[in-house]
Amino acid sequence: MHIRPLAAIAALCLLTAAPFAQAADKPTDPQIAHIAYTAGVIDIDAAKQAIKKSKNKDVVSFAKDMVRDHEAVNEQALALVKKLKVTPEDNATSKALTKAAKSERAKLAKLKGAAFDKAYVDNEVAYHKQVDDALKTSLIPSAQNAELKSLLETGLKIFEGHEQHAEMVAAGLK
Amino acid sequence: MLSKLYFWAPMALALAMGAVSAQAETITVTVDKMAFSPAEINAKVGDTVEWVNKDPFAHTATVKGGWEVMLPVKKSGSITLDKAGTIDYFCRFHPNMKGKITVSP
Chain A
1 MHIRPLAAIA ALCLLTAAPF AQAADKPTDP QIAHIAYTAG VIDIDAAKQA
51 IKKSKNKDVV SFAKDMVRDH EAVNEQALAL VKKLKVTPED NATSKALTKA
101 AKSERAKLAK LKGAAFDKAY VDNEVAYHKQ VDDALKTSLI PSAQNAELKS
151 LLETGLKIFE GHEQHAEMVA AGLK
Chain B
1 MLSKLYFWAP MALALAMGAV SAQAETITVT VDKMAFSPAE INAKVGDTVE
51 WVNKDPFAHT ATVKGGWEVM LPVKKSGSIT LDKAGTIDYF CRFHPNMKGK
101 ITVSP
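Heads up: the sequence lines are chains A and B, in that order.
If you read the first sequence in this note's numbering, its first letter stands for residue 1, the second for the next number, and so on.
If you read the second sequence in this note's numbering, its first letter stands for residue 1, the second for the next number, and so on.
No lab work stands behind these hints, which were simulated from the structure alone.
Take the hints with a grain of salt, since some may be wrong.
List of simulated lysine-lysine pairs, DSBU-like, C-alpha gap at most 35 Å [what the hints assert, rightly or not]:
| id | chain 1 | residue 1 | chain 2 | residue 2 |
| --- | --- | --- | --- | --- |
| 1 | A | K118 | B | K44 |
| 2 | B | K33 | B | K74 |
| 3 | B | K44 | B | K74 |
| 4 | B | K75 | A | K85 |
| 5 | A | K57 | B | K100 |
| 6 | A | K85 | A | K57 |
| 7 | A | K129 | B | K44 |
| 8 | A | K85 | A | K99 |
| 9 | B | K64 | A | K83 |
| 10 | B | K44 | A | K82 |
Away from chain B, derived, C-beta distances all over 10 Å, residues of chain A [as the list claims (entries may be wrong)]:
| id | residue |
| --- | --- |
| 11 | I51 |
| 12 | K55 |
| 13 | D65 |
| 14 | A72 |
| 15 | V73 |
| 16 | Q76 |
| 17 | Q130 |
| 18 | K149 |
| 19 | T154 |
| 20 | K157 |
| 21 | I158 |
| 22 | E160 |
| 23 | M168 |
Partner residues aside, some chain B positions facing chain A, computed with beta carbon under 7 Å [to be verified]:
| id | residue |
| --- | --- |
| 24 | K33 |
| 25 | W67 |
| 26 | P95 |
Cβ atoms here follow ideal geometry from the backbone N, Cα and C, with glycine treated the same way.
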């Protein structure tokens, strides 16, 4: 009986760690563009859910910050791929990210009040950390185009900023 | 005699005012690509710091427990320094963006 929860946690860890593990085999620029854009969309969707569900002022304003920033980054990303005539290409990493985000959203949908706030903000910390690592170890070093690389570098600073912002919000919830 | 005084008094006043405004400077800090540049500045009491946000993202210049200047997308914001000391500020939306102002009397 005690094994089940442990197994569930292990499975969950695998699930969260998996999406970016596949990005290790050097993604191409069209794939990188798709992954970066998808990572932004996921965070926007998570934020929209929080804006709808949360009653906590700090959580809602944090979520609004996420929507505003990630929409701005994605707008830049779209402008860049258009300029470079690159068609973002769906790939295993993007798919795995979307799948993991979908299950996270379903999990959060069942929570309410303070439990939801905590789960959302904790996931924001973890998610941004995960994207930071992927940007640093895989996406930025793999990017061939200089402008794409530069946008990803700005993106990394934003994600790192959000991670710290989320940590501050998390500390305020305790 | 009187007319002379009338002539000189405003002149003296204008000169004095000119001297004051020439001393107080506006120091510009550019906010671009998620960073304050220059990140560290020196200023004097009475100087104004103006942040020019060139990013497509909203930022703030926030002092913990103190003032906050909102820096909307492609807009600028400013504050006049009213006392000496060292001011550490950051962006509330992206706390990894940091800056410092050293204000001398």
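A quick look at each hint next to the structure:
{"no.": "1", "hint": "A:K118 / B:K44", "in the structure": "violated (44 Å)"}
{"no.": "2", "hint": "B:K33 / B:K74", "in the structure": "holds (12 Å)"}
{"no.": "3", "hint": "B:K44 / B:K74", "in the structure": "holds (27 Å)"}
{"no.": "4", "hint": "B:K75 / A:K85", "in the structure": "holds (31 Å)"}
{"no.": "5", "hint": "A:K57 / B:K100", "in the structure": "holds (29 Å)"}
{"no.": "6", "hint": "A:K85 / A:K57", "in the structure": "violated (42 Å)"}
{"no.": "7", "hint": "A:K129 / B:K44", "in the structure": "violated (40 Å)"}
{"no.": "8", "hint": "A:K85 / A:K99", "in the structure": "holds (28 Å)"}
{"no.": "9", "hint": "B:K64 / A:K83", "in the structure": "violated (41 Å)"}
{"no.": "10", "hint": "B:K44 / A:K82", "in the structure": "violated (47 Å)"}
{"no.": "11", "hint": "I51", "in the structure": "holds (16 Å)"}
{"no.": "12", "hint": "K55", "in the structure": "holds (21 Å)"}
{"no.": "13", "hint": "D65", "in the structure": "violated (5 Å)"}
{"no.": "14", "hint": "A72", "in the structure": "violated (5 Å)"}
{"no.": "15", "hint": "V73", "in the structure": "violated (8 Å)"}
{"no.": "16", "hint": "Q76", "in the structure": "violated (6 Å)"}
{"no.": "17", "hint": "Q130", "in the structure": "holds (17 Å)"}
{"no.": "18", "hint": "K149", "in the structure": "holds (13 Å)"}
{"no.": "19", "hint": "T154", "in the structure": "violated (5 Å)"}
{"no.": "20", "hint": "K157", "in the structure": "violated (4 Å)"}
{"no.": "21", "hint": "I158", "in the structure": "violated (6 Å)"}
{"no.": "22", "hint": "E160", "in the structure": "violated (5 Å)"}
{"no.": "23", "hint": "M168", "in the structure": "violated (6 Å)"}
{"no.": "24", "hint": "K33", "in the structure": "holds (5 Å)"}
{"no.": "25", "hint": "W67", "in the structure": "violated (18 Å)"}
{"no.": "26", "hint": "P95", "in the structure": "holds (4 Å)"}
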